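**Q** Residues per chain, in single letters:
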Amino acid sequence: MWRDDLRGIFYIALKDMKTYYLKPPSISWGIVFPIAWILAFYLRNPQNFEQLVPGLVAMTILFSTTAAEAVVINFELRLGSLERLLLAPISLPAVLLGKVIGGTIFGFMMTVVVTLGSVLVLGLFHVNFLYLALVIVPSLLVFSSLGALLCVLVKEVFEAQTLLNLPRFLMTFLSGVVYPVSAMPPVVQCIAYLMPLTYTVDGLQQTFSTSQNAFVFVDILVLVSFFMLFILPAIKLLYRRFV
Amino acid sequence: MFKRLAVRFLRNGEGELENIIEVRDLTKCYGEILAVDEVSFDVRKGEIFGFLGPNGAGKTTTIRMLTGLSRPTVGSARVLGFDVESEIVKAKKYIGVVPEASNLYDELSALDNLLFMAQLYGIPRNQRKTRAEELLKTFGLYERKDHLFGTFSRGMKRALTIAAALIHSPKLLFLDEPTVGLDVVAARSLRNLISNLRRQGITIFLTTHYLEEADLLCDRIAILVKGQIVKIDTPEALKTVAEEEPVIEFTFDIMATKVVEGLSERLPERKIVPIEQNRARIYGGIPAHVLEMALQYAKDRGIEIVAVKSVKPSLEDAFVKITGLSPTIMAVEKGGGR
Chain A
1 MWRDDLRGIF
11 YIALKDMKTY
21 YLKPPSISWG
31 IVFPIAWILA
41 FYLRNPQNFE
51 QLVPGLVAMT
61 ILFSTTAAEA
71 VVINFELRLG
81 SLERLLLAPI
91 SLPAVLLGKV
101 IGGTIFGFMM
111 TVVVTLGSVL
121 VLGLFHVNFL
131 YLALVIVPSL
141 LVFSSLGALL
151 CVLVKEVFEA
161 QTLLNLPRFL
171 MTFLSGVVYP
181 VSAMPPVVQC
191 IAYLMPLTYT
201 VDGLQQTFST
211 SQNAFVFVDI
221 LVLVSFFMLF
231 ILPAIKLLYR
241 RFV
Chain B
1 MFKRLAVRFL
11 RNGEGELENI
21 IEVRDLTKCY
31 GEILAVDEVS
41 FDVRKGEIFG
51 FLGPNGAGKT
61 TTIRMLTGLS
71 RPTVGSARVL
81 GFDVESEIVK
91 AKKYIGVVPE
101 ASNLYDELSA
111 LDNLLFMAQL
121 YGIPRNQRKT
131 RAEELLKTFG
141 LYERKDHLFG
151 TFSRGMKRAL
161 TIAAALIHSP
171 KLLFLDEPTV
181 GLDVVAARSL
191 RNLISNLRRQ
201 GITIFLTTHY
211 LEEADLLCDR
221 IAILVKGQIV
231 KIDTPEALKT
241 VAEEEPVIEF
251 TFDIMATKVV
261 EGLSERLPER
271 KIVPIEQNRA
281 RIYGGIPAHV
291 LEMALQYAKD
301 RGIEIVAVKS
311 VKPSLEDAFV
321 KITGLSPTIM
331 AVEKGGGR
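Taken in sequence, the protein lines are chains A and B.
Numbering-wise, the first sequence is residues 1 to 243 according to this note's numbering.
Numbering-wise, the second sequence is residues 1 to 338 according to this note's numbering.
Treat the hints as calculated values from the structure; they're not laboratory data.
Please read all numbers here as calculations on a predicted model, not as lab measurements.
Hints are not guaranteed to be accurate.
As the list claims (entries may be wrong) - As a list, the in silico DMTMM-like pairs of lysine to aspartate or glutamate whose alpha-carbon atoms are at most 25 Å apart: (1) B:Lys321 to B:Asp37; (2) B:Lys312 to B:Glu292; (3) B:Lys93 to B:Glu18; (4) B:Lys231 to B:Asp25; (5) A:Lys155 to B:Glu107; (6) B:Lys271 to B:Glu245; (7) A:Lys155 to B:Glu100; (8) B:Lys93 to A:Glu50; (9) B:Lys90 to A:Asp4; (10) A:Lys236 to B:Asp83; (11) B:Lys90 to A:Asp5.
Stated by the list, open to error - Chain B is nowhere near these chain A residues, computed Cβ spacing over 12 Å in every case: (12) Asp5; (13) Leu39; (14) Asn48; (15) Leu92; (16) Gly98; (17) Val127; (18) Leu130; (19) Phe169; (20) Ser209; (21) Thr210; (22) Ile220; (23) Val222.
Said to hold, decoys possible - Computed Cβ-Cβ distance ranges for the label pairs, DEER-style: (24) B:Glu133 to A:Arg3: 42 to 48 Å; (25) B:Glu38 to A:Glu159: 43 to 49 Å; (26) B:Cys29 to A:Ser209: 19 to 25 Å.
Glycine is no exception: its CB is placed at the ideal position from the N, C-alpha and C atoms.
Construct the complete structure from the given sequences, taking the supplied hints into account.
**A** Below, the structure is given as structure tokens:
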């Protein structure tokens, strides 16, 4: 049975890539928006652009995964095509994971483009690519599953997008993308540490810095926990919709 | 024991399981609404079993419970020997489902939709394209295989949705209102196709609110009203319920409504009902006597009787007799029928 589930996850992710993700709106929202955002900060202060790169990569992870993820499930629920997947001999968690992995793969492709571009243009060849992958992959899973969770929480496509904007913009300002968390007031720091993007940014900063330390594994562990925190209720909510 | 029987049935393809579906006291509540109320029935191997009832009777809810899309509130059901609550994923390998809405992917071509379904059902890579193309040819869609599903007409979408449900050669096919929204030609073609599937040995569970469709296709029919099964039998046996009294139909050269009153005076104990513009039916009585009285009445009034025939009760008559509902409820609630 697990083989059926793995096969289902793979082909659902592949189909979603083809039908939803590799389309101009997803690509522009996933890649153009983070670049435009960071460029605005760069134009204000052109020095130390290297310090903005972890934030740029983190923003790409956040926006590329959530851009379509928060739409596809409700879209398919509305059209009835999600039911077609649930009629196949695969479990409901496998169907949802297929959707999440689809968003993750798309996010990975966008993140690789932005990261490699930054590394090549700025000559950041000291970066530890293994650590980088270890931070990027769980981060992609976290934000893709966040999109899925918010999607199954509501019924309408626009509701999911609206609901998602709140954590998305809160994280953009409070998770250290532009301003370091350590420079924020203590109360805001407490809020920042409740947000998964803070750990993504911290992990990326460590992998991009010349003096890496073992704390990157704490970030990875916290990100894995966030993934579980989002995906399990999403599965439960989807079950509730159907049974 | 059921599981062992199911495995033997599926391995051998033999009729080890006489009943493909076994449902006992199946109930579904949505809050305080009782959608399906303790229904029990069996579907035998190789038959077309019809679920007939008006919109909102609980037909789709029953299919959703039998295919794992909804959990029963109370009761149990086995599909191909597998329990629908605990083993439905295993059963799904052998069942095909055609929902009421044609819900394939608009963004994919006809061929890509079938290939995606073949992937989900684990059909070996080297057989996927052959099987998909074979189905496209069967359903007359091969020439449009590279066209997007979203560009198809309603009938073509319906055909491709059925093709997708057959991609893995299921032993049991659920068809939920298969001809709703189709024109007369497409509906007839689809009914022929359903009959062919039965000839291939596929057991079919069909829901419909079209009485003539149930009569034409089904081996047995369960009549469902307000979540409850009121009768299960063959169409012929159901019709005998309405066959208690002889019915004679007259066609006049004038409006039937102008004749009914006068005829009622001559035959005060008989029920006389105008059917269409110039046709009326007389229920009950000795046929020879009824005929004599009607002919005499027509002669006296100078009315010409164009045709006379003895009427066998239809499934519609049986439906009315069994449920006490008007047959128009079946068409009106779905938007006027065809």
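**Q** Evaluate each hint against the coordinates.
**A** Here is how each hint holds up against the structure:
no., hint, verdict
1, B:Lys321 to B:Asp37, "holds (21 Å)"
2, B:Lys312 to B:Glu292, "holds (20 Å)"
3, B:Lys93 to B:Glu18, "holds (19 Å)"
4, B:Lys231 to B:Asp25, "holds (15 Å)"
5, A:Lys155 to B:Glu107, "holds (22 Å)"
6, B:Lys271 to B:Glu245, "holds (11 Å)"
7, A:Lys155 to B:Glu100, "holds (21 Å)"
8, B:Lys93 to A:Glu50, "violated (54 Å)"
9, B:Lys90 to A:Asp4, "holds (10 Å)"
10, A:Lys236 to B:Asp83, "holds (21 Å)"
11, B:Lys90 to A:Asp5, "holds (12 Å)"
12, Asp5, "violated (9 Å)"
13, Leu39, "holds (32 Å)"
14, Asn48, "holds (44 Å)"
15, Leu92, "violated (9 Å)"
16, Gly98, "violated (10 Å)"
17, Val127, "holds (37 Å)"
18, Leu130, "holds (33 Å)"
19, Phe169, "holds (30 Å)"
20, Ser209, "holds (43 Å)"
21, Thr210, "holds (46 Å)"
22, Ile220, "holds (32 Å)"
23, Val222, "holds (33 Å)"
24, B:Glu133 to A:Arg3: 42 to 48 Å, "violated (26 Å)"
25, B:Glu38 to A:Glu159: 43 to 49 Å, "violated (37 Å)"
26, B:Cys29 to A:Ser209: 19 to 25 Å, "violated (59 Å)"
In the structure shown, a violation is registered for the earlier hints numbered 8, 12, 15, 16, 24, 25, 26, in ascending order.
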